[in-house]
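K.L.:
Here's the letter readout for the chains.
2 protein chains.
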Amino acid sequence: MRYLITFSYDGSGYKGYQKQPKAKTIQGEIEKVLRKINGSKAVKIHASGRTDAGVHAISQKAHFDLKKEIDPDKLKHSMNSLLPGDIYIKDIEVVSDIFHARFNVKAKEYIYKINMGEYNPIERNYVYQYNKKLDVVEMERALKYLEGEHDFTSFSKADEEKEDFTRRIVQTNIIRNMKKVDKITISFLGTGFLRYQVRNMMGTLIEIGEGKRKSEDIITILEAKDRRKAGKTANPEGLYLKDVFYDDVRQEV
Amino acid sequence: MRYLITFSYDGSGYKGYQKQPKAKTIQGEIEKVLRKINGSKAVKIHASGRTDAGVHAISQKAHFDLKKEIDPDKLKHSMNSLLPGDIYIKDIEVVSDIFHARFNVKAKEYIYKINMGEYNPIERNYVYQYNKKLDVVEMERALKYLEGEHDFTSFSKADEEKEDFTRRIVQTNIIRNMKKVDKITISFLGTGFLRYQVRNMMGTLIEIGEGKRKSEDIITILEAKDRRKAGKTANPEGLYLKDVFYDDVRQEV
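Chains H and S are the protein sequences, given in the same order. Using the numbering used here, the first residue of the first sequence is number 1, and each one after it goes up by one. Using the numbering used here, the first residue of the second sequence is number 1, and each one after it goes up by one.
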């Protein structure tokens, strides 16, 4: 039986999503719990993609197989009772054997939170503390140049070896907080993202908001296909994997 | 020279505000930093009051004396550069020698945050995860019985030895979040609070919201002057010291 889980996590205490030999990771914690449920037999989970150290997830998705059939609600309850408080299984559904949580991704949404106001110690791991004003209108213009299908080599991980750096950003937005005027949330909906892509786009957008670059610079940065042309990699703590979308293959059990 | 500091902290990593021999405390961290600034000579700080382990502060206040005069902005900068990221000095002002951060308190405001929706691992240390519906209207009625001057023995720490348990709650409120309907924030403005008073009132209010008690039960609980008559002590993580108010004695330098 193949199960698809939707889960949320606080990335602050982890070395990232992906399992590593000696580090505390999200994948490692979940697989440890599944091993217990599966009578000490190892279970490998396949997520929609990894998230970096310090990055959070509101709705990450992963699939795994279990020989025995367990009622999804009971499985959810067992997993949550064994998982640490900073990882939570929101939903479990049974999916088709041919469904794959990474290969079947149709779109993903990321959000990035910035505090332009006074430093706030209570949210330091959850909102990037920029603590200075940014030109949000210019950032909004820059975002529009990122939308569409582009070769994102300039915004990828420097030494990334990939065949194809083409990705499509379907929609971007800056959400202003009406009550807390110094807070902004930037959202990116895309068919897929390269490693560090959102953080590299955010680092560049922040430099645009600071006035160090113009919104139109995005055009030349994209054309250059050179990581050195874009801005710094923005801090991980402002970043959240908000949602992962699939086709209806999920329901075809 | 007497200085009044306004500071914010994330209480999750601390054994409370008040200094203890072997535990990590807010007071301990601030005094360690002031000792460095004061040429290795100890500086004692006097806060408006303590907060329990896990409780946060948006604007806590404390005073301390330094022999040498330091420009408040420079002092703020030095302190923040030496303090850990979960404590932040928001403001420093020079006050009169007769000003006392505890004895001169005119009023304090506390807020308590509850999530009645699905468990959220990202906010587990910052919002009490009740994760079930509460009868907010009945809780609102109960709050009104707490307003005014009362003997709060029933809501105090069980073994508290005090002369006078009379305190005055000036105003209470339940703030609903229009966008996130499952979130509520309860605020208490009072001339002073006993140890555990807000958490004991909150524990009782939650039992009222659960339907285990009625709002009018507050009257008999107050009259009983018996800690055993009230509800449980609510978890610390939902609680924030929001503000501390003084008369104009501050400005009379």
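Heads up, some of the hints might be wrong.
Think about it this way: if two alpha-carbon atoms lie no more than 30 Å apart in a straight line, the pair counts; the simulated DSSO-like pairs of lysine-lysine are [to be verified]:
{"no.": "1", "chain 1": "S", "residue 1": "Lys179", "chain 2": "H", "residue 2": "Lys90"}
{"no.": "2", "chain 1": "S", "residue 1": "Lys133", "chain 2": "H", "residue 2": "Lys24"}
{"no.": "3", "chain 1": "S", "residue 1": "Lys133", "chain 2": "H", "residue 2": "Lys74"}
Since the hints were derived computationally from the structure, they do not count as laboratory data. Computed from a predicted structure; not experimentally measured.
K.L.:
All the hints need checking, so say for each whether the structure fits it.
P.N.:
Evaluated hints:
1. S:Lys179 / H:Lys90: holds (20 Å)
2. S:Lys133 / H:Lys24: Answer violated: lysine 133 (chain S) to lysine 24 (chain H) is near 34 Å, above 30 Å.
3. S:Lys133 / H:Lys74: holds (22 Å)
Violated hint for the displayed structure: number 2, the only one.
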